[in-house]
Amino acid sequence: MADALKGALGAGEASREQRRGTLILGGALLALGLRRVSFGSAALALTGGALLYRELARRPGQAGAKTSEVTRSVTIGRSADELYGFRRGAGHLPRVMEHFAVITETDQDRAHWTVHVPGGRSFSWDTQIVDDRPGELLSWQSLPGTELPNRGEVRFRPAPGDRGSEVTLHLHFQPPGAAAAKALNGLVPRTLAGDALRRFKSLVETGEIPTLDRNPSGRAATA
Amino acid sequence: MRALCWEGVNDLRVQTVPDPEIVNPHDVILRITMSTTCGSDLHFIDGYVPSMVPGDVIGHEFMGIVEDVGPEVKKVKKGDRVVVPSFVACGDCWYCQHDLYSLCDNTNPNAELQAPLLGYPTGACFGYTHAFGGYAGSHAQYMRVPHADVGCFHVPDGLRDEQVLFLSDAAPTGYMGADFCDIKPGDIVAVWGCGGVGLMAQQSAFLLGAERVIAIDRFPERLKMAREHIGSETINYAETPDVLAILQEMTGGRGPDACIDAVGMEAHGTGPGYLYDKALQTLRLVTDRGQALRQAIMAVRKGGTLSILGVYGVMDKFPVGVIMNKGLTVRTAQQHGQHYLPRLLEHAVKGELDPSYLATHRFSLEDGPRAYDMFKNKEDGIVRAVFTP
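Sequence order for the protein chains is E and S. When the letters of the first sequence are read in order and numbered with the UniProt record's numbering, they come out as residues 1 to 223. When the letters of the second sequence are read in order and numbered with the UniProt record's numbering, they come out as residues 1 to 389.
Heads up, a few of these hints could be off.
[Said to hold, decoys possible] Below, computed lysine to aspartate or glutamate pairings styled on DMTMM-like, alpha-carbon distance capped at 20 Å: (1) S:K74 to E:E205; (2) S:K75 to E:E205; (3) S:K278 to S:E249; (4) S:K77 to S:D149; (5) S:K350 to S:D157; (6) S:K74 to E:D162; (7) S:K184 to S:D157; (8) S:K350 to S:D161; (9) S:K376 to S:D46; (10) S:K302 to S:D182; (11) S:K224 to S:D46; (12) S:K75 to E:E208.
Since the hints were derived computationally from the structure, they do not count as laboratory data.
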């Protein structure tokens with residue numbers, strides 16, 4: 001599986017397709033960052049902007065693509081079986097990830113992801129569950145043909161005492177271009193993975209996800 | 001609705017902003033009946049704590065009447081008169097279930113922004129910086145309160161608004177600071193700061209059994225308040241050369257059994273040490289002026305307790321060797337209001353706690369910028385500015 005994936009992801013020079021992917025990803029992060037006004041979003045926007053800048057400044061064919069990986073863990077006050085059940089339950093994944101992507105669950109094992117970018121364009125891929133161990137692990141990968149190949153897994157194991165379960169999210173993706181890989185190895189994947197885990201935890205523990213949607217403010221207000 | 005917004009460093013404006021709405025199922029919308037200034041607001045007004053965004057509605061100490069309830073709210077209903085702690089807590093996570101409400105895991109929408117600053121994120125605070133959640137605050141006509149069943153406490157009939165208002169933040173913070181001191185019969189507690197939190201810490205120390213309370217400040221009218229409303233003994237550090245020596249003499253050479261810092265990062269002081277801190281902070285080379293905290297660490301008896309309520313950043317020149325060699329216990333937190341409010345309401349009903357004297361000045365919301373200016377510069381003996389929106 002790993003070899004097949006490596007082939008699909010491509011480890012050689014950055015192609016035109018890959019550059020396009022980076023530009024789209026950078027634009028998406030920039031748009032995401034600018035959509036909400038907060039410190040985290042500003043960081044997201046900055047990273048997106050940096051990605052765009054570095055990709056645009058780079059000549060085609062420079063530097064090979066590298067994989068980008070991130071691992072984040074959170075402890076959630078529920079048993080591993082319950083958490084696995086929540087993750088598998090219809091509608092949970094789209095809600096947890098709605099700050100980043102629009103997800104349509106096509107069947108129990110497949111989902112269609114869309115990230116909207118400025119100018120009405122969008123960037124999408126399909127994922128397929130490739131390993132499913134109830135109460136323990138779930139892993140998935142994008143199907144070949146996407147501009148942003150990725151795979152990930154979520155692992156559940158009991159936490160000590162009355163603390164519930166330790167949940168680890170591992171994301172692995174192949175951003176096209178070395179500059180993108182380097183940038184993505186930093187803040188953004190960590191933030192995306194951390195946000196996803198925290199949103200999942202809040203939804204499971206409290207039945208809602210904390211949000212600043214429709215938060216009153218004097219931004220663009222009349223004095 | 002009208003709201004007081006932070007528009008930049010030392011730039012507050014009253015503006016028309018959109019009304020809050022029920023967004024999540026455990027939300028309520030509160031019509032604010034009373035809201036007050038807090039010393040910790042001064043840190044972002046002065047630009048010392050980061051992550052404010054122009055337009056943010058500020059204010060985190062408040063009470064009101066429930067105007068609208070979300071579909072999952074069970075204990076609170078429309079028309080209820082409630083007081084709400086300034087930190088938002090979910091009631092369901094491990095921290096909430098262990099009475100550590102301000103450390104809640106599930107209420108900070110900007111948790112990923114705060115984590116790099118602290119290692120792990122805390123709960124959210126209303127009307128404060130975006131690292132602390134970014135929820136719109138209480139200096140407005142209405143506000144959204146998430147997890148209302150955990151945060152809203154019913155006000156018993158017979159208590160006036162100004163008797164209850166400070167149970168939102170100053171009173172539980174002060175009470176928690178005194179609770180941290182694990183007061184035993186005969187104990188002497190010293191409190192740095194006679195603002196709202198400092199005065200509440202002094203009163204709480206007596207409620208929890210302290211033999212004597214010593215208050216340290218520089219404003220005669222605040223020290224008078226500590227003497228007359230609480231029964232504290234007082235030291236005006238602006239008039240005395242050596243606070244440490246005086247505290248030692250007042251405690252038979254032992255030092256106070258516990259010292260509470262209710263001052264924080266913008267402490268005032270005297271002498272070259274203060275000027276050095278002030279200069280570095282003005283140049284943004286350090287986040288804190290640590291005079292009060294360092295003095296408290298020096299003053300506390302061997303094996304005693306240091307309780308920190310003041311808000312600090314990343315302080316340097318922190319004398320950890322003094323703490324270590326003297327075997328001190330250090331306890332500190334943002335207030336766990338949901339843990340203390342039932343007890344405080346009981347004290348209020350019995351007439352043992354009436355913080356209404358803190359409300360020295362009243363303003364309409366439209367006067368918000370002027371009120372904060374007076375509060376910051378301690379004009380006219382102001383302790384707290386209260387808004388009735």
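Hint numbers not upheld by this structure, sorted from lowest to highest: Violated hints: 3, 6, 7 and 11; rest satisfied.
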